[in-house]
Amino acid sequence: MASDRSGAAVEPAVAGEAPATVARVRPSPWPEVPRPVRVARIVIGVVLAVAALYAPLYFEPDVNRLLSQAIYIAIAAMGLNLLTGFNGQVSIGHGAFFGVGAFTSAILIVDHGWTFEATIPVSAALTGVLGLLVGIPALRVRGLYLALVTLGLAVLFPRITQKYVDGTGGVPLLRPSRREFASLIEGLDDDQWAYYLCLAIMALLFVLAWNLVRGRVGRAMIAVRDQELAATTVGVNLAATKVGTFAVSAAYAGVAGSLSVMVDKLADGTNPILYFQRSIEFLVAMVIGGTATILGPAVGALVLVLLRRNTQDLIEGKEILAPALFGAALIVIVFVLPEGLVGGVRRLLLRLGQRTSARGRAPTAP
Amino acid sequence: MQLFLSQVINGVGNGVVFATVALALVLIFRTTRVLNFAQGEMALFSAYISWKLTTFDLPVWVAIGISMAIAFVAGAVIERTLIRPMEGHSPLNVVIITLGLFLGLNALVQLIFGTDPQSMPSPFPKGSVSFIADTRVQKVTIGLMVVLLVECAALWLLLNRTTLGLKLRAVASNPDSARLHGIRAGSMLMFGWAISAAIGALAGSLVASERAALDASLMQVVLVYALAAAALGGFDSIWGAVVSGLVVGVADALTIQYVDALDGIEVVLPLGLILVVLVVMPNGLFGKRTVERV
Amino acid sequence: MLRSRKARIGASLLTLALLASACSSRDDDDAATGDEGSGGEDTESLIPTDHCATDPTEEIEGDVIKLVSSYPQSGQYAAYSEIARGWMAYFDKVNDEGGVQIGDRTFTIEYETADDQYNAAETAANIDRLVGPDGDGAFAVFSVVGTANNVAIRDTLHELCVPNLFAATGSPQWGNPDYPWMIGSTLTPYTIEAAAFAELLQEIKPDAKVAMLRQDDDFGDAYEAGFKMAIEGTDIELVEVQEYSPGTDPTPQVTSLANSGADAFLNGAALLPCPQALTAKEEAGWEAITWVSGTCLSKTLMGIAGEAGADAYGASNLKDPLNPDWDDDPAMQEYLETVQTYQPDGFDPENAVVGYGYTQAAIFIEALEQAEAPTRLAVMEAMYDLEVSDVGLLLPGVTIRTSPDDKFMGETVQLAQYEWTGPDARNHFVPQGDLIDYEGRTAEVTPEELINS
Numbered sequence: 250m251a252s253d254r255s256g257a258a259v260e261p262a263v264a265g266e267a268p269a270t271v272a273r274v275r276p277s278p279w280p281e282v283p284r285p286v287r288v289a290r291i292v293i294g295v296v297l298a299v300a301a302l303y304a305p306l307y308f309e310p311d312v313n314r315l316l317s318q319a320i321y322i323a324i325a326a327m328g329l330n331l332l333t334g335f336n337g338q339v340s341i342g343h344g345a346f347f348g349v350g351a352f353t354s355a356i357l358i359v360d361h362g363w364t365f366e367a368t369i370p371v372s373a374a375l376t377g378v379l380g381l382l383v384g385i386p387a388l389r390v391r392g393l394y395l396a397l398v399t400l401g402l403a404v405l406f407p408r409i410t411q412k413y414v415d416g417t418g419g420v421p422l423l424r425p426s427r428r429e430f431a432s433l434i435e436g437l438d439d440d441q442w443a444y445y446l447c448l449a450i451m452a453l454l455f456v457l458a459w460n461l462v463r464g465r466v467g468r469a470m471i472a473v474r475d476q477e478l479a480a481t482t483v484g485v486n487l488a489a490t491k492v493g494t495f496a497v498s499a500a501y502a503g504v505a506g507s508l509s510v511m512v513d514k515l516a517d518g519t520n521p522i523l524y525f526q527r528s529i530e531f532l533v534a535m536v537i538g539g540t541a542t543i544l545g546p547a548v549g550a551l552v553l554v555l556l557r558r559n560t561q562d563l564i565e566g567k568e569i570l571a572p573a574l575f576g577a578a579l580i581v582i583v584f585v586l587p588e589g590l591v592g593g594v595r596r597l598l599l600r601l602g603q604r605t606s607a608r609g610r611a612p613t614a615p
Numbered sequence: 165m166q167l168f169l170s171q172v173i174n175g176v177g178n179g180v181v182f183a184t185v186a187l188a189l190v191l192i193f194r195t196t197r198v199l200n201f202a203q204g205e206m207a208l209f210s211a212y213i214s215w216k217l218t219t220f221d222l223p224v225w226v227a228i229g230i231s232m233a234i235a236f237v238a239g240a241v242i243e244r245t246l247i248r249p250m251e252g253h254s255p256l257n258v259v260i261i262t263l264g265l266f267l268g269l270n271a272l273v274q275l276i277f278g279t280d281p282q283s284m285p286s287p288f289p290k291g292s293v294s295f296i297a298d299t300r301v302q303k304v305t306i307g308l309m310v311v312l313l314v315e316c317a318a319l320w321l322l323l324n325r326t327t328l329g330l331k332l333r334a335v336a337s338n339p340d341s342a343r344l345h346g347i348r349a350g351s352m353l354m355f356g357w358a359i360s361a362a363i364g365a366l367a368g369s370l371v372a373s374e375r376a377a378l379d380a381s382l383m384q385v386v387l388v389y390a391l392a393a394a395a396l397g398g399f400d401s402i403w404g405a406v407v408s409g410l411v412v413g414v415a416d417a418l419t420i421q422y423v424d425a426l427d428g429i430e431v432v433l434p435l436g437l438i439l440v441v442l443v444v445m446p447n448g449l450f451g452k453r454t455v456e457r458v
Numbered sequence: 346m347l348r349s350r351k352a353r354i355g356a357s358l359l360t361l362a363l364l365a366s367a368c369s370s371r372d373d374d375d376a377a378t379g380d381e382g383s384g385g386e387d388t389e390s391l392i393p394t395d396h397c398a399t400d401p402t403e404e405i406e407g408d409v410i411k412l413v414s415s416y417p418q419s420g421q422y423a424a425y426s427e428i429a430r431g432w433m434a435y436f437d438k439v440n441d442e443g444g445v446q447i448g449d450r451t452f453t454i455e456y457e458t459a460d461d462q463y464n465a466a467e468t469a470a471n472i473d474r475l476v477g478p479d480g481d482g483a484f485a486v487f488s489v490v491g492t493a494n495n496v497a498i499r500d501t502l503h504e505l506c507v508p509n510l511f512a513a514t515g516s517p518q519w520g521n522p523d524y525p526w527m528i529g530s531t532l533t534p535y536t537i538e539a540a541a542f543a544e545l546l547q548e549i550k551p552d553a554k555v556a557m558l559r560q561d562d563d564f565g566d567a568y569e570a571g572f573k574m575a576i577e578g579t580d581i582e583l584v585e586v587q588e589y590s591p592g593t594d595p596t597p598q599v600t601s602l603a604n605s606g607a608d609a610f611l612n613g614a615a616l617l618p619c620p621q622a623l624t625a626k627e628e629a630g631w632e633a634i635t636w637v638s639g640t641c642l643s644k645t646l647m648g649i650a651g652e653a654g655a656d657a658y659g660a661s662n663l664k665d666p667l668n669p670d671w672d673d674d675p676a677m678q679e680y681l682e683t684v685q686t687y688q689p690d691g692f693d694p695e696n697a698v699v700g701y702g703y704t705q706a707a708i709f710i711e712a713l714e715q716a717e718a719p720t721r722l723a724v725m726e727a728m729y730d731l732e733v734s735d736v737g738l739l740l741p742g743v744t745i746r747t748s749p750d751d752k753f754m755g756e757t758v759q760l761a762q763y764e765w766t767g768p769d770a771r772n773h774f775v776p777q778g779d780l781i782d783y784e785g786r787t788a789e790v791t792p793e794e795l796i797n798s
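Protein chains in written order, with my numbering: chain P, 250 to 615; chain S, 165 to 458; chain R, 346 to 798.
Same shape as in the complex, but just chain P (with noise of 0.2 Å):
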């Protein structure tokens, strides 16, 4: 009997004949689901929910704090996923909005007097209008262009910091105390309590983006992305679009560089090229989790801040190594998975799905 690629069998109904299954196209984006992939979907997802929520009970606080430190580059992950993943639009500079997330955070806790929750949503708001600010200009500005001018930004944000910031000890460098960040629930040490803040705002960030991106907003960004010419004829706003996507982007990591307020316990200006590393760590996580998709910037920020730690004392007396392995094993993940953790895991469950699945189904587009 003849086979088709999914390797299902497929019967000639009469010889002659075409074959009874009959190639279909679906119009959404997204790959149709066998059904025991999607229940392997489910049981992988609540077990990862259930590992994340036990996981700070079990691990030691610094364990807890480097996990928490992926939860807060997942979110600025996830924002740059919106801009450039899913809107096209390619930005070093992300680590910019971070830092004036962060900043924003210190300065209302050490110099006001202010809550550090309460912090958070002027953060958000505070970037969410730089990165309109930023948009708007760059919609005039393509592709390499783009980049390169948030890159300076970027570069730009600690200079402003040593020059506009009074920092503790004289250097741009704010340190507000331990007990801004005490726990706000008996029981739970502080560390964990961080990083049960950091995943619940993880949580509620992801299920917004995850809307947006299904909805109306989302296919027009994706429209912008894919051909920016024909999104206009049909009626998309390109400039609302991709000012918007800015926007809400620059958010995303500001709410994250204030989170990082909480979990490292400083802001920190003195380092020149702290910022821009903060973006390439970003545009890392995105790209190994897997762009344009929902759960790879979580999935790349837990790996990144996981194969730091671990190349950091791999070879002893070769610390100097350290940079080198991390970035050989980036190259390595992304040959060995180009589309992504999430892109990768995606097309094993769905071959897997395929294989299984009873009748057989059209060869879904790779």
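Source of the hints: derived by calculation from the structure; they are not laboratory data.
Computed from a prediction, not measured in an experiment: that's the story for all the values here.
We put the beta carbon where it would ideally sit given N, CA and C, even for glycine.
Mixed in with the good hints there might be a few duds.
[Unchecked claim] Only some residues are given here: those of chain R computed to face chain S with a beta carbon under 10 Å:
| id | residue |
| --- | --- |
| 1 | GLN421 |
| 2 | ALA423 |
| 3 | TYR589 |
| 4 | PRO597 |
| 5 | THR600 |
| 6 | ALA615 |
| 7 | PRO620 |
| 8 | GLU628 |
| 9 | THR645 |
| 10 | LEU646 |
| 11 | ALA650 |
| 12 | PRO689 |
| 13 | ASP693 |
| 14 | PRO694 |
| 15 | ILE710 |
| 16 | THR720 |
Chains S and R: place on chain P using the hints.
For chains S and R alone, coordinates are given in the frame of chain P:
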């Protein structure tokens, strides 16, 4: 007046450095459509090789020449093994790979050559010559300018007046279409990277000798300015890169001298410059206007 | 083929492995964490202990003194890791020779370090992890590099009353009385350097016009404020100040300074920009009495400046391995031998930075031996009561003195001038005149807000 001229000359001195690196960036973009973040570190590695060769008592130009040859081969190898497999996938993947290279090369340099700054001998005579209004120009600056102009002319001729150059540009513009014409796209891409790496090696070695010192952080600040210069000039133009490099250098020096408010954040200038120019001229000062087809 | 399914599964498993490797159970530590009472017995100590979250009078159990440190081991500033080579070698030797004696007990010194790539947030994380939330991960923190990096950890360590010793920068704020558990090192405070230059000028050119190049951060602030304070009431005038950002070429700034009509130049640049500034000065044809920052007194940096650095002044309190006068000095030979024996991998004997680290360790051992008991409080008290000379590579006649009112160590300096005799010669700084003694005077020459920041 004399001070102004002096600062302009300083600016040109720095600008030539930015221009040499920008040239390598533009070249690789023109031939392969890739923005190579690792360009600076590749240049750094080559600069260290040049330096190491001079410690074996080789004359500077010979050392640089050998380093360029090594870089040529290395560039081709990198393209074939690391970049080519990413064809057809998201261009962001290539960005990640160049970032990985960036980190790897920087760490390797420190491991192999040590972390202490080294002194790089200069291929140009020391000292300065008199210029107008009592100012002096460094012989090194003049030398660099000459090298730059020769490079530009050679590259321009290569790209615009030879069959090889035509093939390179065809592949960069549309690899599939070029293949249909019988052009071996793969070889062209490798060649593009090879040449850019060699130019980068020259740039790195010259930067090291101009700065008189070589250490792992040499190219990092230069890279930002070089990227700004390349963007300013429009990534498509060889001459654009050079002119923009000079513009960025001079603007930077003049800002340092005359605009005290920007003390410490002079870097805002080249970045602001790109932004302003790009908003007005989205293809850079010298870029070609692209026509978009639906 | 790399893209096979196996490779993909492998990659996913790798991720899980990464996660697993980072874990260690939370409960493992609970047993070790004893119930620490807050505050200690308030011994009539000058060091406040009421706020301590741990008990600083608790004696060390066992026979190990554990030190931890965080400094750049990779990345742009990896060169600073050479400092650790010096102190590690010294401690290794002490251990080999039987350990250090406090009272009637003997201890060996154990150390653990982490890489922070000069990133203040990383330093904070590293120290938090190494010291532990209850402070029982280490006895003390030793030789953390970077002003911002030390600032990032001082609050936590203050709360835990864990000593932070030999902070490796010359920032005057290590004298801040609000942080008594923290103390700097023999690095001369930047304000004293500025004062020394002012004094030199008073002697050789009392009506000098000075131009200053400084970094655009707290390091530069200290030079500028200190110098301004030192020239008050004199005929010396500061005519122009130019800032530069770390890593950039300061030539345009120096050109501007050269055109200011100044005849003296305070080169407050650190690392590569220092020789670059010297070269720029020479190329501008600018004749000026030049002072180079203590951070520039290295063979490689001055070597890069070459002839452009000739006749520049600097100050230091350590013997320079480059100076042939010390070749036969027993202390210098011992230093070279120790490092060659215990930390030889990649050691450059002419790198003065290693000697600095070595000397800090030597002073610490003295403090330990002087301590009345093997407790954090006693050791800290000993650090406030130092009178040490002729250890490590300290210059003869230099005494490191601290007291409850003065916790600055590097207050005696030797003025020196760079002698350049040729491109292949062993160019070095030649001491000039007697030691300049600023003992107890850092507070005098430093604006208060810099110390108390």
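Hints, one by one, checked against the model:
1. GLN421: 5 Å, holds
2. ALA423: 5 Å, holds
3. TYR589: 8 Å, holds
4. PRO597: 4 Å, holds
5. THR600: 5 Å, holds
6. ALA615: 12 Å, violated
7. PRO620: 7 Å, holds
8. GLU628: This hint holds: R:GLU628 lies near chain S, its Cβ roughly 6 Å from the closest one there, short of 10 Å.
9. THR645: The hint holds - R:THR645 has a Cβ within 10 Å of chain S, the shortest such distance being about 5 Å.
10. LEU646: Cβ of R:LEU646 sits 7 Å from chain S, so the hint holds.
11. ALA650: Since the shortest Cβ distance to chain S is 8 Å, the answer is holds.
12. PRO689: 14 Å, violated
13. ASP693: 7 Å, holds
14. PRO694: 13 Å, violated
15. ILE710: Violated, about 28 Å.
16. THR720: Violated - the Cβ of R:THR720 stays beyond 10 Å from chain S, reaching only about 38 Å at its closest.
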